[in-house]
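Q: Protein sequences appear in the order of chains X and S.
Numbered according to my numbering, the first sequence terminates at residue 358, and the numbering increases by one at each position without gaps.
Numbered according to my numbering, the second sequence terminates at residue 629, and the numbering increases by one at each position without gaps.
The hints are simulated quantities; they were obtained by calculation from the structure and are not laboratory data.
Accuracy of the hints is not assured; some may be wrong.
[Said to hold, decoys possible] Distance condition first, Cα-Cα at most 25 Å in a straight line; then the derived DMTMM-like pairs of lysine to aspartate or glutamate:
1) X:303 - S:451
2) S:520 - X:336
3) S:482 - X:16
4) S:445 - X:219
5) S:531 - X:219
6) X:231 - S:511
7) S:445 - X:217
8) X:10 - S:507
9) X:231 - S:451
10) S:531 - X:217
11) S:520 - X:167
12) X:129 - S:465
13) X:10 - S:511
14) S:531 - X:16
15) S:508 - X:16
16) X:231 - S:496
17) S:492 - X:16
18) S:497 - X:16
19) X:23 - S:504
20) S:482 - X:219
21) S:520 - X:46
[Claimed, not checked] Computed beta-carbon distance windows for the label pairs:
22) S:431 - X:120: 35 to 43 Å
23) S:623 - X:116: 57 to 65 Å
24) S:555 - X:120: 41 to 49 Å
25) S:525 - X:97: 48 to 56 Å
26) X:52 - S:485: 32 to 40 Å
27) S:555 - X:16: 29 to 37 Å
28) X:132 - S:389: 29 to 37 Å
29) X:27 - S:555: 41 to 49 Å
Even glycine gets a Cβ: it sits at the ideal position worked out from N, Cα and C.
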Amino acid sequence: MFYREAGDFKTSYAADNQTFPIKFDRMGYYTALVIAFLVVPFIINDYWANAILLPFLIYAIAALGLNILVGYCGQVSLGTGGFMAVGAYACYKLMTSMPEVNIFFHIIISGGITGLVCVLFGLPSLRIKGFYLAVATLAAQFFLVWLFNRVPWFYNYSASGQINAPERSVFGIEVTGPNTEAWATYLFCLVFLVASALIARNMTRGMAGRKWMAIRDMDIAAEIIGVNPLKAKISAFAVSGFFVGISGALFFSVYLGAVEVGEAFGINKSFLVLFMIIIGGLGSIFGSFAGAAFLVLLPVVLKVVGVDWLGWPTDMVAHLQLVIVGGMIVMFLILEPHGLAQLWRVTKQKLRLWPFPH
Amino acid sequence: MSTQESYVTEDGRTIGPTVMEMKNITLRFGGVKAITDISFDIREGEIRAIIGPNGAGKSSMLNVISGFYVPQEGEVWYKGKKRPPMKPYQVAEQGIARTFQNIALFEGMTVLDNVMTGRIRQMKAGLLSQAIWKGKAEKEEIENREFVEKIIDFLEIQAIRKTPVGRLPYGLKKRVELARALAAEPSILLLDEPMAGMNVEEKEDMSRFILDMNDEFGTTIALIEHDMGVVMDLSDRVVVMDYGKKIGDGTPDEVRSNQAVIDAYLGVAHD
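From just these sequences and the hints, can you work out the full model?
A: So this is what it looks like as structure tokens:
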């Protein structure tokens, strides 16, 4: 009734290929963009930006990256935290060594560097898969964190071992450092997220995405069809690393401002992003958004409900959050392996016919 | 390299010179000889069948052609050149497509995406172009979609083009797999038991598709099949294998009257 494609005919393959083939969806997408760019910046405050919107935008980029690798190409990675750290430290080194270059480019270059590092640690994927690959990427996680902790060059020999984001601006508006406005940091991250999502979508609907999915679904058949497994896997690692690196760079420079590597980019971060894509939906762009939103909102909602309304002790709410996330992971893996994205798809399917059952 | 003259068959199709020649292929797995000293050729435009009892080495032979196994001895000649040992994806780039005995489709992808994957050889846009979805990538996608739609029409799977393959029944999956192989515009199409597990109607449909493919696109086909009626009706020439050796080669009539073939199928007392 509310959601339908009747009368929405396609007369060209280009029209059939678009991201939102149904007009209703397309309108929803444009509306969301308008609200995100033109409405939210005027009503945003520091609390919303720091507690919800910035983490959501940044984690969504990381989830997009990991989803390309795990959801589309089927190569399990537990090194997301480490790769985000590469993005963060690359960004820090670039910001301090080349202050005249705009931060915008620093972040993109950090993504590129992370892509290269990710390819390096992805090379074992040509020989091993599944659990064994997961362990290999876990090694990357620990190695990278160790590296950034132990080699003083990476943190410019600072006494604390921390890295601090210097003040940088885009078009004269500060986006990093202590004196930023909420709306500026929000818009800065939003631009990166929208661009990342468009790129990810374009790649996954074209031949690159088909190659990745072919490798995921049946690697032997893919090779006999003509997919070069080396190139397909390496490109998945590179693209994934690029997005994860961007998110790491933003996480450090725009969101946190100061980072201690073990604290910010530990193994927990790897699992958090992995949970996002499992709950959101493997192999789905929308799922990356949904998962990031869910896991960013959950602690906030629990805190508001548990601590502020019901007056429970803070530590109990924190523990409750772990229990809920753990339970949800198990539930999703058993009941809906394709996550929130699939639930959304099913809901749309039902809405098409509502109020009739068939 | 043999350079036979082209000839025209009774039903008016032109059979060209040899495109692929297997010379004295021997394939061993440890101590087991899967294929022993087999030679045969495939000519352009013909339907070439490989038959034989279970375990005769037919699928191994197909795997040698598609580069999945590398034979210990012997040479593969393709389009007048000796083929060095290469990876399966390189063989695919040379224009050899295949289907599998137990369907090897990409279950998580739609029918359309599966068939589009077959166009991998024709779609060369770089990652960057795909990322911004402008220029070459977009143009290529639409051009190849047009070709793929022709194949989809031809194999009568229009209604399921947006269905994930995992949800399709067996007979349709076989057809989608054929579509994917055909989308590659192959010089040689290898079919490994295209009619296994089908009922009579489905077999008739499949036979019709194979004949039409050969007729309309001029596709050279090498197929393995167990249904003798189908093989004898469809193929121009037949290779018969038994225990990894070639025991017969020729037109269906020649093969049918070959004593070694009759023995292999009906069984004789081995001494």
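Q: A separate judgement is required for each hint: does it hold in the structure or not?
A: Comparing the hints with the structure gives:
| no. | hint | in the structure |
| --- | --- | --- |
| 1 | X:303 - S:451 | 57 Å, violated |
| 2 | S:520 - X:336 | 21 Å, holds |
| 3 | S:482 - X:16 | 21 Å, holds |
| 4 | S:445 - X:219 | 13 Å, holds |
| 5 | S:531 - X:219 | 18 Å, holds |
| 6 | X:231 - S:511 | 32 Å, violated |
| 7 | S:445 - X:217 | 20 Å, holds |
| 8 | X:10 - S:507 | 14 Å, holds |
| 9 | X:231 - S:451 | 14 Å, holds |
| 10 | S:531 - X:217 | 15 Å, holds |
| 11 | S:520 - X:167 | 50 Å, violated |
| 12 | X:129 - S:465 | 19 Å, holds |
| 13 | X:10 - S:511 | 17 Å, holds |
| 14 | S:531 - X:16 | 23 Å, holds |
| 15 | S:508 - X:16 | 16 Å, holds |
| 16 | X:231 - S:496 | 21 Å, holds |
| 17 | S:492 - X:16 | 16 Å, holds |
| 18 | S:497 - X:16 | 14 Å, holds |
| 19 | X:23 - S:504 | 23 Å, holds |
| 20 | S:482 - X:219 | 20 Å, holds |
| 21 | S:520 - X:46 | 45 Å, violated |
| 22 | S:431 - X:120: 35 to 43 Å | 40 Å, holds |
| 23 | S:623 - X:116: 57 to 65 Å | 60 Å, holds |
| 24 | S:555 - X:120: 41 to 49 Å | 46 Å, holds |
| 25 | S:525 - X:97: 48 to 56 Å | 54 Å, holds |
| 26 | X:52 - S:485: 32 to 40 Å | 33 Å, holds |
| 27 | S:555 - X:16: 29 to 37 Å | 33 Å, holds |
| 28 | X:132 - S:389: 29 to 37 Å | 30 Å, holds |
| 29 | X:27 - S:555: 41 to 49 Å | 47 Å, holds |
Violated hints for the displayed structure, listed by number in ascending order: 1, 6, 11, 21.
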